[in-house]
Amino acid sequence: MSVIAELTIPSEAFGLGQILRVEGSTQIVLETMVPLGGKPTPFVRIRNDARETFERSVREHPSVEEIQLVNTHADETLYALDWEPSEASLIQMILDLDAALLGATGTPDTWGLELRFPSHEALSKFQDYYVEENIQVSITRIYNPTKPDAGPWYGLTGPQRETLTDAVEAGYYSLPRQISTQELADTFDISNQAVTERLRRGIATLVMNTLLVDEQED
Numbered sequence: 000m001s002v003i004a005e006l007t008i009p010s011e012a013f014g015l016g017q018i019l020r021v022e023g024s025t026q027i028v029l030e031t032m033v034p035l036g037g038k039p040t041p042f043v044r045i046r047n048d049a050r051e052t053f054e055r056s057v058r059e060h061p062s063v064e065e066i067q068l069v070n071t072h073a074d075e076t077l078y079a080l081d082w083e084p085s086e087a088s089l090i091q092m093i094l095d096l097d098a099a100l101l102g103a104t105g106t107p108d109t110w111g112l113e114l115r116f117p118s119h120e121a122l123s124k125f126q127d128y129y130v131e132e133n134i135q136v137s138i139t140r141i142y143n144p145t146k147p148d149a150g151p152w153y154g155l156t157g158p159q160r161e162t163l164t165d166a167v168e169a170g171y172y173s174l175p176r177q178i179s180t181q182e183l184a185d186t187f188d189i190s191n192q193a194v195t196e197r198l199r200r201g202i203a204t205l206v207m208n209t210l211l212v213d214e215q216e217d
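Going by numbering that gives the first Met the number 0, 26 is the number at position 27 of the sequence shown; the sequence numbering is gapless.
Watch out, some of these pointers could steer you wrong.
Said to hold, decoys possible - Cross-link-like lysine to any residue pairs, in silico, SDA-like; alpha carbons within 25 angstroms at most:
hint, residue 1, residue 2
1, 124, 86
2, 124, 99
3, 124, 33
4, 124, 140
5, 124, 95
6, 124, 14
7, 124, 102
8, 124, 83
9, 124, 113
10, 124, 12
11, 124, 96
In short, the hints are calculated from the structure, not lab data. Here the structure is a predicted model, which means the values were calculated and not measured.
Using the sequences and the accompanying hints, generate a full structural model.
If you want it as structure tokens, here you go:
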């Protein structure tokens with residue numbers, strides 16, 4: 000049965016945190032990691048006023064092959080990162096344990112991660128790893144999204160939860176449809192593509208943590 004862990008970690012101890020360096024009060028949001036060509040491809044969002052120094056810093060990192068601009072909307076830009084994670088890195092351990100990175104937010108000092116592990120055993124192995132490596136990980140919350148007392152979010156990130164809720168309340172799933180994805184995107188001041196991705200990933204997460212629970216356990 001899957002288990003979700005919310006935690007914080009120093010930026011210098013997180014491989015992606017070393018690559019995706021930001022300055023001052025800037026925050027960077029890691030929206031998802033998609034397996035493309037056998038490699039995990041992170042999609043990250045940052046404010047436009049930090050773009051120039053951010054792009055230069057990322058391109059100079061030796062593990063980065065390319066950073067691609069996906070789209071720009073309002074005051075934020077979405078990038079896709081082509082990189083090679085270190086075999087001994089924390090992120091590689093997460094991938095090796097078949098854990099899913101549900102969301103992450105970084106600052107110059109720390110990263111907050113939300114990870115879904117396929118089992119408590121996988122989470123225990125992850126904890127053994129960072130303790131052995133002397134990585135200062137602070138666990139905020141651990142919960143099983145399939146338990147009644149785990150809360151109603153079932154692994155959804157904050158933006159996914161908010162977007163899905165607004166979509167339902169505004170009649171996006173009604174027949175006939177009462178609001179478009181563009182109108183939804185305008186309410187969050189993000190792109191049409193971004194709101195569509197939030198809805199898609201949010202629904203996939205809900206199905207994995209509810210309808211497919213028995214199948215996963217089998």
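For a quick check of understanding: which of the numbered hints are violated here, in increasing order? Hints that this structure does not satisfy do not exist here, as all of them hold.
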